[in-house]
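Q: The two chains are supplied separately, each in an independent frame; assemble them into the complex guided by the hints.
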Amino acid sequence: MSRDVYKETILDHYRHPRNYGDLPDANAQAKEENVLCGDVIEMQLKLSGERIDAVSFRGEGCAISVASASMLTEFSKGKTVSEIMKLGKEDVIRLLGADPGPARIECALLGLEVLKEAIGMRQGTKVP
Amino acid sequence: MPAAHKKTITFNVNKIRADFPILKRRIGGRPLVYLDSAATSQKPRQVIDAIRRYYTEYNANVHRGLHRLSEQATVAFEQSRDKFAQFIGAKTSKEIVFVRNTTEALNLVVFSWGRANLRAGDHVLLTEMEHHSNIVPWQMLAKEKGIKLDYARIDDDGILNWDSFNELIKEKPKAVSLAHVSNALGTINPVKQMAREAHEVGAIVVVDAAQSVPHMPVDVADLECDFMAVSGHKMLAPTGIGVLYGRYDLLDHMEPVMGGGEMIREVHLQSARWNDLPWKFEAGTPNIEGAIGLGVAVDYLSRLGMENVRRHEMDVTKYALDRLADVKGLALYGTRDIDKRGAAISFNLGDIHAHDLATVLDTQGIAIRSGHHCAQPLMERLKVPATARASFYIYNTKKEVDILVRALESARKMFKI
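Just so you know, the protein sequences line up as chains A and B, in that order. The first sequence maps to residues 1 to 128 in the working numbering. The second sequence maps to residues 1 to 417 in the working numbering.
It should be emphasised that the hints constitute simulated quantities derived from the structure, not laboratory data. Errors might be hidden in some of the hints.
To be verified - Covered stretches of chain B, going by a simulated chain A footprint (3 or more residues, C-beta under 8 Å):
1. 355–369
2. 402–416
To be verified - Sample of chain A residues with no beta-carbon within 10 Å of chain B, all distances over it, derived:
3. P17
4. E74
5. T80
6. V81
7. D99
Owing to the predicted nature of the structure, the values given are computational and were not obtained by experimental measurement. Just so you know, even glycine gets a beta-carbon here, dropped at the ideal spot from N, CA and C.
Isolated chain B, as found in the complex (with noise of 0.2 Å):
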């Protein structure tokens, strides 16, 4: 496990809570509630203030200019992916391409990996729980390729059905992917035993950990994933700055899949020759002060622990759990299973329509999710046309619970259920 993980400090959620100038804010005279961390973070002043200061002291483009804002902005920019490196344990930091997003991360992978590996009648196994993000990029190349895609099922409680994955593994899939924890059930998929079985028929692992890495302790190697998908805004960050994690092997062979400056090592009138790693994949002037904010945002976390992060988690988690099953009419998605599940919680309340729920919930100031989550296909599994979700940060307490238990109840009185 990577040191950043390790070291232990008081979780102090009050201290946190002063961090994030975004938490004083009310809204209709209320202190704001908020419980829509799985969709975006809120930022601490400290990474608010990297950016500032970037901006403010040595705005620069990277990797270009000999001056001193130009060096200065480089090292700022290289040591985010340092920091990044070592905290999901790669091996190398150019092992880590800085992209905007899960999403484009993961069509990084199909669109150079997949359109180079895989042929017509080829299987790629993914689950019913997935993002759209990591379905979509799959159809478009088995639109092209002619590449089959399997849904390993899940039970009713959406936990992953053991029996569907090793069923489907048969197909000899050429990869599995697959969410760490999902976002709209919240359930934790067990990716390392998952990817023993799938590296057991020579198929690659692809993991989306959009909803593990900024809540609980992710290592790639103890994983034994080939590569992996982050979201820098929905761990402290900025948006617009995520990562892909690719086995140095694997990225070392794949081609990039946008051309231009910086990805490039020479260019003649007919040829060019691809720069090293991880700077093939990252054409044009990257988002410096995304990945600065981000370097920033790693600080932040491995000040606290990710072990602390997912305790305080599990405990607010177990805790929302607890009150919301004793809400009448209340209809709770997932696992109850603590260990099991992360900090986000899927529910309906009678037959209020989500987006009514969410929108009463905002008149008193809490800000929760509404909809199908971008998982249709797990909504149809579910046969629920949307769902409500409250998730959980390092900033969420107990307290905040209660509000949006007591704001259920009313919800439930007003509506008649």
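In isolation and in its complexed conformation, chain A is listed as follows (with noise of 0.2 Å):
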């Protein structure tokens, strides 16, 4: 089961996350930690209205929590806020195409939470 993680496209994502870095424009963003690992994700968001217009990370850690934020924000580009605000564990393993298991969930989970966080302060506050 846990071999699968390190498939071909996990460690593609790992060793090139795609839209990595910063997003000039962005209007919401949120930074988490994982301590077990000590993985530290952060995303930037640009939302218009209920809409995702495009997402970037950026971080280290280890492979599995790398390229799932990598695959959460080739998925949730143009995607609407309720959609990704549904999205669970079973959704993540959909996604990574594999099941890293109880010892290694949290890093996987790690990115989705904090495109959630994102979400959820941006939308917290007044949009204009």
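A: Listed below in structure tokens is the structure:
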């Protein structure tokens, strides 16, 4: 089961993370740390009302957390806020194409946690 | 040196392995390669059988019942204490307090001895390579009392910086508390020399021996330490049993941290008198099966001879250091000098996160530890977020080192290092 976690697609996202860096016109962002691995993931979003126009991330950590964050940025572009807020553990496993197992699932979920937090903070404030 | 350490027999790893039922396990179709004994050791059938025998033949509470079962349980429980006292060269079994683990032993020193003897402004000297269990309790007391914690520096190879230690000894610390062997780097600290210097300025010496007593001959009189903390589960015994060794005169003047049954001589409505040593510190029904298991573990190690255990581990560790040094992109932490290190090796492979490495090795049946090893200040000192750690014990072989090295080579290819 866990062996699949290090398949080609995941290692590729780890070695060549997509949408990496700053988003100049971001209007939402969040940052979280996974204490187990010391992973840090930060995400920046450009939201137009309900729609996610652009996402970027930066950070460092294990292959699972970086690949999962990278895949999430690709996935969430063009999606609506409510679509993202509905995502859970099973969706992240589907996105990764592998179940990292109970010891490492927190690594996989870090990106989604940060993404939801960024959206939540944006929505908590008054958007003109 | 206690007699227990002197006996020699031929060290037959295959015969030892046959005593450990878990080593027959297969993980995903591959034989288990257990390289995480610094976290906890595996248990021989002798220990497992002794626990089963206690529950099937003489389970009873200790020091209470006048019936046969209680008598037998009490004898077995106290015999384990005697065996342990002999094993580490304590003068009397009264100097052996049963606790849960090293952490509890260190907390007992801090919150009994420390709370009574330290005042605001007093210094306590630790080192940069301490486990959290020898940092956090002192920090808690520092908050309460306003004592100051100093940390002797280590050099890049993980060896204690003697100049730094000497400099901080001038602060005249009231206590010097240090690991005998670092759990993360394997470094063996020159405890005897450090204890001498500490005693010259009037400090007491507390030794975290979690990573030394299971692996090498250790004698409290020879080391000249005042307190020593040990975990049973790292030396073939069950989890939940450990020992605080304390010099009799020190323990005798200390107040218990926990009150309750077992630790009292008499109780009135408004007052109570404490029991004798060591029971004064053992409130409540103790871990009887754990203590009995620890006694059998001590028998097992004594039969092997701790000199032989140390020699075997040095042999495997040296081989592992040589083989690992040949793995391209592998960074080894700690000294390469085998006389100055124990059987735990920390490393990183290229930029692979230690947790990724541990997960990949797990798919090959290899169990290693990864992370900060409960020594975050040390990780900060080494400037790494985490390391992978392979640690060896009496049942590990060079063949297992080869399996580890092959798995690391394949991880290197997988991650394109």
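Q: Evaluate the condition: distance from the CB of V81 (chain A) to the nearest CB of chain B exceeds 10 Å.
A: It holds; V81 (chain A) is separated from chain B by about 31 Å at its closest Cβ, greater than 10 Å.
Q: Grab the minimum beta-carbon distance between D99 (chain A) and chain B and tell me whether it stays above 10 Å.
A: 12 Å, holds
Q: Counting residues of the stretch 355–369 of chain B that have a beta-carbon nearer than 8 Å to any beta-carbon of chain A, does the count reach 3?
A: Holds: 6 residues of the stretch 355–369 of chain B have a Cβ under 8 Å from chain A.
Q: Non-interface claim for P17 (chain A): all C-beta distances to chain B beyond 10 Å?
A: The claim holds: P17 (chain A) sits with its nearest Cβ about 13 Å from chain B, beyond 10 Å.
Q: When I compare C-beta atoms, does the stretch 402–416 of chain B have three or more residues closer than 8 Å to chain A?
A: holds (count 3)
Q: If we take the beta carbon of T80 (chain A), is the closest beta carbon in chain B still more than 10 Å away?
A: Since the minimum Cβ distance to chain B is about 33 Å, T80 (chain A) lies beyond 10 Å and the statement holds.
Q: In terms of Cβ atoms, is chain B entirely out of 10 Å range of E74 (chain A)?
A: 21 Å, holds
Every hint, counting from the list given before, is met by this structure.
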